[in-house]
Amino acid sequence: MGSRSIKFKLLLFLLGMPLSAATQVDTTLQAPTVTVTAGRLYAWQPGQEAEILDSSQQTQAAWGTVADVLTTTADIFVKQYGPANIATGGASGLGAAYTNVFWHGLPLQHPMLGVVDLSVLPALLFDQVVVVSGNNSPLWGNGAIGSAIHLQQQMPKQPGLGTTYRMALGSYGQQQYAWTASLRRAKWMVDSRLFHQQADNDYPYRDISGEQRPLPHAQTRMRGVLQECRWQPNPQHEIGLHAWWQHSRRAFPPTRVQATSLAGQQDNDLRLAADWKWRRQHSHWLLRTGLLRSRLTYTDTLSGIGSDSYSHIWLAEVDGNIQLNDRWQLNTGLGTQWLGIESTAYAQSPQQHRLAGWSALRYHSPSKRWESVLMARQEIVDGRLIPLTPTLHTAYYPYNRLTFGASFGRSYRLPTFNDLYWPQSGNPELRPEQGWQATGRIQWQPEQQGWTSSWQLNLFVNKLEQQIIWLPRQGIWIPQNINRSRSHGAGLRWKASWEVAQGQLAVRAQYRYTRAVQQGSTTAAGTERLQVAYVPRHRANLSWQWQYRRSRLAYDHRWTGQVFTLADRQSTLPAYHLGSLIVAQRLGDARHGLLLEINIENIWNKDYEVVRHYPMPGRRWQIGIRYRFHNKSARKP
Amino acid sequence: MACTKDNPLPTTGDTNFGPGTGVFILNEGLFNQGNASIDFFRWQADSLQTDIFQRQNSRPLGDILQSMFIVRDRAYLVVNASQRIEVVQVSDFSHLGTIEGMPSPRYFLPLNEQQAYVSDLSANAVHLVDLQRLEVVDQIAVPGWTEQLLQVGNDVYVTSPSFFGQPPNEQLYIIDTQSHRLVDSIQLAPSPQQIVADGDGLLWVLCAGSSEDNIPGGLFRIDPQQRAVVQELRFADAMVSLAPQLAINDNGTQLYYIQNDLFRMPIHSSALPTTPLLAADGQQWYGLGIRGNEEIWIGDAIDFQQRGQVTRYTMDGSPLDSMTVGFLPNGFYFY
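Protein chains in written order, with the working numbering: chain A, 1 to 637; chain B, 1001 to 1335.
Bound conformation, chain A alone (with noise of 0.2 Å):
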């Protein structure tokens, strides 16, 4: 362990001493602020479903990162290579190039790759994960087709001075300490979060031998800083100051099928991000300006291959809430992005310029039982056009507990910059991918005494041509615009909560089925119609939580259905389920909170992959604790 590492804990160490210091209450005890942090984010989807995972969920994984809060909803597909590995979300029977994860209205979508790697998102720096399912071209442009994650954080409700320090240790070398404190006063607030976390994640596996071993070459190591600040002068204006520095350090294992590896990565990222809200009074609007920068560099010693990437993302946009009259709303905005790459593996740095228009106009019944959205969606990249994309949302509410919603619209995808730019092989001429997705969701709350419940049914069918896949034409791999993809399915949840002597008892079941098809030159004969490869057509999760007083028990049990491995359909993984168990028990008063948590993954021990020959870990422990205090202000806020 180096001296910066040891400084660094020893910061966080330090802060979170309670000398002067105050703590938020416990959020388990008090409703959550929502913080809408972009101003199309809600209400302007009313035909899709949205499933913000709420904090009962983040806490049983809320020491490891954004793929494992994922992995408790059926609704995204995490397919992960390990804990020391990558980790990537599909939806809607698309991969993970199809979801894009925003962060203040920033996408994370990496320019090369086109996808997120959710593995290197800490869990602990967010409150929230918002899930939108389904297509979200046209609200928030690029790649966002399968559906759109956002990462969202909760400004503190109660004004003064509050700090938790997290400690958590676990098996294989878990390690995570973790610092935040928030300051709020009348008119400004303020939230910093710092972390650290490592493992060693040698945890025993059969290669293919048969041979039982310790996982070597695992180990991962991760710290960082979020910082929030936000300035309300008056009621009219707000403003907001974001950013978020990061280091990741992997080791990447060997395979079941390989007998050693060398291969690591670092990724270096600084986001920063800010944003102006500006309330009138019939209209909010948003200005917001953002910049990402981010180093991944990958080495493998033996083979001898490796690359140094940098790319940049500058976007400024401009979003309004326009109340026309009592029963229209318009919604319109224009933004910019540029993009550019600086790599070893290009031969030049290429960028790119993108240039967007987008615009809803909402309208609902004078009974308010119904609504109408229209939106489109209009970019230009490179001065070349990209086809407009519509979509229309419309739901019903007969009554305030059913909701009966649906949607219809376009999409698209651009091609990345290793599809475009990568040596000898990059296509400029690709054109974007395009499709169309229809969705319907009812969602019924019934009226019972003495406890609550909702369920909600949603559906969707997805249509996406012109699919960009790499094929090798003399001697040379290509990226062509060849494939096309079909796939549908439904998903069912319900929730419920009971009061039950002086506890709470809360239910939550899941079942997403999805039917996904592929057709193109990949396509091997007799194929068309079997299932695509790593997209299951069953997943189901169930989840209780017993609140009493001070204390919790929770589970949590998911079940992944069979997976076609290859395009042949011909190489399957067996289905699997998962269980993991929480305890948690709450010290001390309102002020000052200590929560001790034992957490037990996969408690049933069960040896599955999620991608083939990649080794998951048994069965495996944490215990943390996290001390809060918290010092109103005895200023008014």
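In case anyone wonders, no lab produced these hints; they're calculated from the structure.
The structure presented is a predicted model; accordingly, all values stated were derived computationally and were not measured.
For glycine and all other residues, C-beta sits at the position ideal for the given N, C-alpha and C.
Among these hints, one or two may not hold up.
[As the list claims (entries may be wrong)] Estimated spans, in silico, between C-beta atoms of each pair:
(1) A:Asp382 <-> B:Arg1291: 47 to 55 Å
(2) B:Ala1236 <-> A:Tyr310: 53 to 61 Å
(3) A:Glu342 <-> B:Gln1089: 47 to 55 Å
(4) B:Ala1271 <-> A:Tyr608: 56 to 64 Å
(5) A:Ile476 <-> B:Glu1232: 47 to 55 Å
Mind docking chain B on chain A? Use the hints.
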């Protein structure tokens, strides 16, 4: 095609792989999928047995089967991305042992019954392996990627393809088998890849060239006594197949090479053929084998996503039959 036999029924009960009974089809597998395999086509039964290693040993072979060599009663299977050589009893393909300690092994050349050389993609060396102890005992430093090996007397000729992103390599290296040291090199064209010996005792090397620098490759004829190039036949352009292949018939009179299409050239020809013997017509030819003086075998990787196809032809290019094999058939070992 005269006839197509798609995936003949495997005779799973027959595990006798004796000399002269058939041909081993090497299926490289998809990278990182661990689905390399070996199939066996039996002459007498005219049938294909698939995945014989897995069937006999109840486990996968590994990731990227690059090559195979039989020494007496043992077969050495070089599994490149699994960083090992699996050793099996040829007669029934039962597993005997494993040679490890090589970062990226490629080809195997026995020097005698006790020792062998193994080339390597990333080690900047040729490994010296003890075949009794099944372990690497020495490294012979060679700059760059070492690929195919061919012995002439006390010299072993080593091809060395260019590596992506690095300056092109143009050297054919020579190792002395007495001292196990690199002793000489011959300048050819960028990316020497494949090497065979002809009926006159001369060597032929296929160089892929450099499409990045637009330098064509070609065929180079080498006199091993002089360690010099005696004939140079350059390709018309720098576009070659994804996996250039070079083979020769049993009596060493006809060269066959794949440069997208299949070409045939007598060894005494003074120019490259202008028309192919067989046109690929969009197929992704990935493996080439010549059975004696009778048949041409070609492996088609199709789209590098699904199982491959092997077609055999007469020496004049007339198709005989084809069969579905494992993923990315890259070679044939006629036994």
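Structure versus earlier hints - violations, ascending order:
Hint check: 2 and 5 fail, others pass.
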